[in-house]
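*Asks:* Could you put together the complete structure from these sequences and hints?
Heads up: take any position in the sequence shown, counting from 1, add 63, and you land on my numbering.
Simulated from the structure, these hints should not be mistaken for lab results.
One thing to keep in mind: the hints can contain errors.
[To be verified] Mimicking DSSO-like on lysine-lysine, the simulated pairs with C-alpha atoms at most 27 Å apart in a straight line are:
no.: 1; residue 1: Lys116; residue 2: Lys379
no.: 2; residue 1: Lys201; residue 2: Lys226
no.: 3; residue 1: Lys158; residue 2: Lys116
no.: 4; residue 1: Lys213; residue 2: Lys201
no.: 5; residue 1: Lys116; residue 2: Lys201
no.: 6; residue 1: Lys201; residue 2: Lys379
no.: 7; residue 1: Lys337; residue 2: Lys201
no.: 8; residue 1: Lys337; residue 2: Lys371
no.: 9; residue 1: Lys216; residue 2: Lys226
no.: 10; residue 1: Lys213; residue 2: Lys296
no.: 11; residue 1: Lys216; residue 2: Lys201
no.: 12; residue 1: Lys300; residue 2: Lys379
no.: 13; residue 1: Lys239; residue 2: Lys296
no.: 14; residue 1: Lys239; residue 2: Lys226
no.: 15; residue 1: Lys213; residue 2: Lys371
no.: 16; residue 1: Lys216; residue 2: Lys337
no.: 17; residue 1: Lys337; residue 2: Lys226
no.: 18; residue 1: Lys239; residue 2: Lys201
no.: 19; residue 1: Lys379; residue 2: Lys213
no.: 20; residue 1: Lys379; residue 2: Lys296
no.: 21; residue 1: Lys213; residue 2: Lys226
no.: 22; residue 1: Lys289; residue 2: Lys300
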Amino acid sequence: MSINRFLLIKPWGYSIWADVDHVVGQLLIAEITDRTPIVYWGMDSLYSESVTKNSFELFFEPINEHMPHEAVRSDYSYYPPIWTSQTVLMEDPDKLKWEHRDLQDMIASDANVLVSDVYYHVGAIAPWIPERHPLYGKTPHQLYRYLFDKYIKIQPSILDEAKQFVYENPQFRDEKPILGVHIRANGLVSEIGQIYNVNDYYHPNIWSFMSNFECRHLFLITDHYKFVRQFQKIYDKYETLIVSDSRKAFFRGKVHPNRSNYPNQRHKGIELIKDTSDIIKDTYLAVQCDYFIGNGYSSLSNTVLRMKDWPEKNIKLLY
Numbered sequence: 064m065s066i067n068r069f070l071l072i073k074p075w076g077y078s079i080w081a082d083v084d085h086v087v088g089q090l091l092i093a094e095i096t097d098r099t100p101i102v103y104w105g106m107d108s109l110y111s112e113s114v115t116k117n118s119f120e121l122f123f124e125p126i127n128e129h130m131p132h133e134a135v136r137s138d139y140s141y142y143p144p145i146w147t148s149q150t151v152l153m154e155d156p157d158k159l160k161w162e163h164r165d166l167q168d169m170i171a172s173d174a175n176v177l178v179s180d181v182y183y184h185v186g187a188i189a190p191w192i193p194e195r196h197p198l199y200g201k202t203p204h205q206l207y208r209y210l211f212d213k214y215i216k217i218q219p220s221i222l223d224e225a226k227q228f229v230y231e232n233p234q235f236r237d238e239k240p241i242l243g244v245h246i247r248a249n250g251l252v253s254e255i256g257q258i259y260n261v262n263d264y265y266h267p268n269i270w271s272f273m274s275n276f277e278c279r280h281l282f283l284i285t286d287h288y289k290f291v292r293q294f295q296k297i298y299d300k301y302e303t304l305i306v307s308d309s310r311k312a313f314f315r316g317k318v319h320p321n322r323s324n325y326p327n328q329r330h331k332g333i334e335l336i337k338d339t340s341d342i343i344k345d346t347y348l349a350v351q352c353d354y355f356i357g358n359g360y361s362s363l364s365n366t367v368l369r370m371k372d373w374p375e376k377n378i379k380l381l382y
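*Replies:* This is the structure:
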């Protein structure tokens with residue numbers, strides 16, 4: 064990477080895997096623009112617990128040895144031009160206006176520090192990869208696999224929790240194959256003027272996977288108690304169901320914890336950190352499964368797809 068050319072990656076401000084998706088896309092921009100990436104989730108992050116901590120590193124190992132303060136120098140130039148050395152580590156409350164955040168302008172910028180707090184999908188960035196670059200010609204999925212393997216490393220403390228779950232559930236470890244299933248409370252999808260509930264398609268696909276691949280267990284990840292009860296009623300009699308123990312991530316109402324009201328952002332961050340660690344743990348456990356069925360509109364399900372070289376027949380995301 065070139066000296067004094069940084070890409071400061073701030074939080075997008077949504078769910079944990081949506082924010083990681085944003086980070087991964089920006090890491091691709093860093094690679095194709097020869098910039099040194101710095102991931103900094105400060106007080107504008109949903110998961111912030113203090114002004115002194117980088118919230119990204121609560122969940123993932125640092126992507127490199129560079130620190131946020133390296134992007135703060137009075138002689139540096141910044142893009143978008145709203146940023147200065149005094150403000151660059153703060154939040155832009157008007158970022159949803161998308162001023163000076165055109166992808167082409169960001170990639171072409173010669174500023175010392177390019178700042179990104181808006182989301183671009185890897186597929187939108189891929190056309191800007193120059194022919195001379197080793198990633199040129201890769202599909203979006205191939206790019207995701209490369210970027211996840213290179214940069215996204217889950218903190219050992221979360222991996223230890225996943226290993227503890229496996230230890231306490233030996234059937235997860237010893238009785239393969241296992242089908243992982245991720246189902247969301249909100250399964251409504253609108254496409255081309257038609258609205259349907261993607262959750263209605265789970266059980267036929269589950270039975271197909273269980274039968275065709277002789278799965279011995281079903282590992283359920285969900286954000287709502289009603290699906291735990293439903294799956295227990297259907298599958299417990301076959302002694303196949305393993306339910307994630309991340310109960311704190313469940314909710315019963317219409318408002319997800321990520322969007323609930325808290326006295327302040329710091330309080331909100333503290334409340335969400337354990338739940339988010341559980342979500343990451345569950346995602347890791349889903350990747351350890353032999354087969355997987357998820358929701359194609361879910362960032363968690365898409366992350367499961369991107370973290371492993373799945374045989375095509377082994378994974379299905381319902382749309």
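*Asks:* If a hint holds in the structure, say so; if it does not, say that too.
*Replies:* Evaluated hints:
1. Lys116 x Lys379: Violated, at about 37 Å.
2. Lys201 x Lys226: With a Cα-Cα distance of about 34 Å, the restraint between Lys201 and Lys226 is violated, given a limit of 27 Å.
3. Lys158 x Lys116: 22 Å, holds
4. Lys213 x Lys201: 15 Å, holds
5. Lys116 x Lys201: 35 Å, violated
6. Lys201 x Lys379: At roughly 22 Å apart (the allowed maximum being 27 Å), Lys379 and Lys201 satisfy the hint.
7. Lys337 x Lys201: This hinted pair is violated, its Cα atoms lying about 36 Å apart.
8. Lys337 x Lys371: Roughly 25 Å separates the two Cα atoms, so the pair holds.
9. Lys216 x Lys226: 16 Å, holds
10. Lys213 x Lys296: Outside the cut-off at roughly 41 Å; violated.
11. Lys216 x Lys201: 22 Å, holds
12. Lys300 x Lys379: The hint holds at about 25 Å.
13. Lys239 x Lys296: 22 Å, holds
14. Lys239 x Lys226: This hinted pair holds, its Cα atoms lying about 16 Å apart.
15. Lys213 x Lys371: 13 Å, holds
16. Lys216 x Lys337: With a Cα-Cα distance of about 18 Å, the restraint between Lys216 and Lys337 holds, given a limit of 27 Å.
17. Lys337 x Lys226: Since the Cα atoms of Lys337 and Lys226 sit roughly 17 Å apart, the hinted pair holds (cutoff 27 Å).
18. Lys239 x Lys201: 33 Å, violated
19. Lys379 x Lys213: Roughly 25 Å between the alpha carbons, so the hint for Lys379 and Lys213 holds.
20. Lys379 x Lys296: 23 Å, holds
21. Lys213 x Lys226: 22 Å, holds
22. Lys289 x Lys300: 18 Å, holds
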